[in-house]
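Taken in order, these protein sequences are the chains called D and G.
Whatever position you read off the first sequence (first residue = 1), add 612 for this note's numbering.
Whatever position you read off the second sequence (first residue = 1), add 1060 for this note's numbering.
Derived by calculation from the structure, the hints in this document are not laboratory data.
A virtual CB, placed ideally from N, CA and C, is assigned to each residue, including glycine.
There may be inaccurate statements among the hints.
To be verified - In the EDC-like style, the derived pairs of lysine to aspartate or glutamate whose C-alpha atoms are separated by at most 16 Å in a straight line are: (1) 719/D with 664/D; (2) 656/D with 1065/G; (3) 1103/G with 695/D; (4) 656/D with 1150/G.
Unchecked claim - Simulated DEER-style distance windows between Cβ atoms: (5) 1181/G with 691/D: 41 to 51 Å; (6) 1145/G with 723/D: 43 to 53 Å; (7) 654/D with 1074/G: 45 to 55 Å; (8) 1166/G with 688/D: 14 to 24 Å; (9) 619/D with 1166/G: 21 to 31 Å; (10) 619/D with 1069/G: 40 to 50 Å; (11) 1070/G with 723/D: 35 to 45 Å; (12) 654/D with 1075/G: 26 to 36 Å; (13) 1145/G with 654/D: 43 to 53 Å; (14) 1131/G with 623/D: 38 to 48 Å; (15) 654/D with 1065/G: 37 to 47 Å; (16) 707/D with 1129/G: 32 to 42 Å.
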Amino acid sequence: QSALTQPASVSGSPGQSITISCTGISSDVGVYNFVSWYQQHPGKAPKLIIYDVTNRPSGISSRFSGSKSGNTASLTISGLQTEDEADYYCNSYATNSNPYVFGTGTKVTVL
Amino acid sequence: EVQLEQSGAEVKKAGESLKISCKGSGYGFYGYWIAWVRQTPGKGLEWMGIIYPDDSATKYSPSFQGQVTISADKSINTAYLQWTSLKASDSAMYYCARYGGPTLEAVRFDYWGQGTLITVSS
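So that you can see chain D by itself, here it is in the shape it has in the complex:
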């Protein structure tokens, strides 16, 4: 099972919105609405910020939102802030022998 494809890097200025894509296939991202997103700051563990494509855990800013169309899921960060500078990973359920596949990761830089 190959990793889901994400852009290596995305950048934006404070206050702008950016979108990170996560492309899979019909047996993972496209099969159910079970995609989650994680934020990872340097030297820290990943942190869940989106689950079930669009839902935010308690305490996660509404500036983070998720969506999905076909085999591609997306994470949008609105009103970009300096503390959003981190790595972001998507994660999907997959209907094959490896049920949990992660994305390749995207480094977000706030200019």
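Mind docking chain G on chain D? Use the hints.
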């Protein structure tokens, strides 16, 4: 407060064995699946396997099946990841994470340990 506390960094030689741990607190440890995730600079995050502490039911990624063993002791709220013969390629950061989804399809790793860095020299 939900917490997962992992054992400390290890430096080992190729061929040695190793068992690292992940102790949960602040919730009913026995009732949530615990996953192990590997992170390397080259391959990013990789799901290795998952265990249900209440009955020790375990599932492995095909990439890690036979390479590692996942176990748990619910009496002390601790999950384990072990190797019988380490390789240099096992050098990585290893995270445990609580699986918070209502079903095994609703993927959601909602709490993570701080990570255990394993360095294996050849």
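Which hints, by number, does the structure contradict?
The structure breaks hints 1, 3, 4, 7, 10, 13, 15, 16; every other hint is satisfied.
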